[in-house]
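2 protein chains.
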Amino acid sequence: MQSLLSDGSPSMEVDAVSILKSITPSLEPSKHKGQAGKIAVVGGCREYTGAPYFSAISALKTGADLSHVFCTKDAAPVIKGYSPELIVHPILEESYSVRDEDKKSILAKVIEEVDKWMERFDCVIIGPGLGRDPFLLDCVSNIMKHARQFNVPMVIDGDGLFLVTNSLDLISGYPLAVLTPNVNEYKRLVQKVLQCEVNDQDGTQQLLSLAKGIGGATILRKGGSDFISNGETVHEVSSFGSPRRCGGQGDILSGSVAVFVSWARQLAGEPSMSATVMGCIAGSILLRKAASHAFESNRRSMLTTDIIQHLGTSLEELCPVLVSR
Amino acid sequence: MQSLLSDGSPSMEVDAVSILKSITPSLEPSKHKGQAGKIAVVGGCREYTGAPYFSAISALKTGADLSHVFCTKDAAPVIKGYSPELIVHPILEESYSVRDEDKKSILAKVIEEVDKWMERFDCVIIGPGLGRDPFLLDCVSNIMKHARQFNVPMVIDGDGLFLVTNSLDLISGYPLAVLTPNVNEYKRLVQKVLQCEVNDQDGTQQLLSLAKGIGGATILRKGGSDFISNGETVHEVSSFGSPRRCGGQGDILSGSVAVFVSWARQLAGEPSMSATVMGCIAGSILLRKAASHAFESNRRSMLTTDIIQHLGTSLEELCPVLVSR
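Chains as they are written, first to last, in our numbering: chain A, 1 to 325; chain B, 1 to 325.
Mixed in with the good hints, there may be bad ones.
Note that identical chains are pooled: a pair holds if it fits in a single copy or bridges any two copies.
To be verified - 16 Å max Cα-Cα, derived EDC-like pairs, lysine to aspartate or glutamate:
(1) Lys-212 to Asp-169
(2) Lys-192 to Asp-169
(3) Lys-21 to Glu-316
(4) Lys-116 to Glu-47
(5) Lys-31 to Asp-65
Keep in mind the hints are simulated off the structure, nothing from the lab.
This is chain A alone, in the form it adopts within the complex (with noise of 0.2 Å):
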């Protein structure tokens, strides 16, 4: 699949699309619930509840069978208000709320609560409008420890990768970990992890430093195209989406790319790509696709609500239903 640049260096490009259909199952009538995903959101807080509503939709649209988000008790009746769709844990707790003699048995709550849980997922979404509220970040961080634990991957993406470029440890030699920095997040992992600023003249080598600096976590950076590495490779998705930047967008990527990884991870044999890397290469090119619909249909109005209600026409046409009966 790979062809020469005019430097003689080989395209990064990759054919999305095939990766996308030899991950996604067929839909078997044999099958019950639960068995196409089920996963789970950390995060929504006061101040956001959109992102994690974004991401959890997302998931579910993107074919995955439960969806939960584990959030604030202020965020949760909102974000079930946006969907009946969603099972909504009111758990986390903030500082403002939280008197500091009570936050050792607040956090073992949290963390008895989640573990109940944990087991179940097939992956797990840290960050989408989790704030940063430093006792909630602590609670994510145990979090995220049993999720380690329990071997279920995580996407990491906005104050959750606020989290982790803070204790890298968190992530650090985890490969089902996935971040999906956006190119301010971007520049803060580099410097660091790497100690330096980023350099785009060499985007691709910095790209696999950053990887191979984190353990091997995997990297979908995103922009203009995505760039995808683990450490040992590069890929690049560089179909086009939409011009539209308004904020909401990289949520569907993290509730998708959560999907694609979990089902990545059931393929049969020795992919020759590794389970984070296709997944998000399947994300990616989904959400171009929605983005690419939705804009076409909303041009400079186009939200990311829009995006989410063309997620069922793009995947049909990417990788049409064969239902076998």
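Add chain B to chain A, keeping to what the hints say.
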């Protein structure tokens, strides 16, 4: 662009469509989130939740990337519930929930919260659904002072106009302030600033005097025709909108004016018109176009949400997207 009226005076009608086109940025895949505008609405209290939603969602549908709302704790979950696209900060308080001895510390906290964000905003809208609670208005006065310190443009409507009419120093001499009074709000402004009654025989001159009297703030006088002045010139936008006068249309206007003002400020060179005047003209023509479409479809039942639904197609008619790839 000027022609003579029957009485020999020059027409003030502007080519609003050309102005809208000249300030609307191209959509380029190389841009990233936030570059098309980050807008904030300060408004929303126990009584009013629709107005700040209309304003904030209209900013997004005009093409902003991010839209925030700063409102009271009561109003926040409701406004969040209208749309997951908005970032809603439940930070304001009304007198009924605050003890006298706590007012000072609560005011300080409100300002601290807003200041975390203020510098990032390209325009702040003051007033949609603000209400008239004295303590709340005191907090908002302080927010306005900080916006001014950071040189952030302000669009002031509704109860924000009640506030500034009683405290003219909040905007006096601030060329980045835009006031969008309706007939009653205009009357109160004229009485307060010029200490006389509205005189429609000499409406243009009076509008000029009013804008000068406030020290160069831009006034968009809403009516059958909209008249716009910053004390130097008066421009008119008279294209037909809708004969329905349902509440909320002014909120759409404030949202889109905020976006257009922030775009106009990014124009290179030395435009012949001020950014605030161009922003008002563009917002006025967009609302009129969308209202005319909404009225065509919904007739006597036309509501504000119907107009919002037509913002996208109206923008596309006025200024078709040319995507540069």
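Against the structure, the hints come out as follows:
no.: 1; hint: Lys-212 to Asp-169; verdict: within (14 Å within a copy, 58 Å between copies)
no.: 2; hint: Lys-192 to Asp-169; verdict: within (12 Å within a copy, 46 Å between copies)
no.: 3; hint: Lys-21 to Glu-316; verdict: within (11 Å within a copy, 35 Å between copies)
no.: 4; hint: Lys-116 to Glu-47; verdict: between (27 Å within a copy, 13 Å between copies)
no.: 5; hint: Lys-31 to Asp-65; verdict: within (11 Å within a copy, 35 Å between copies)
Of the numbered hints stated above, none is contradicted by the structure.
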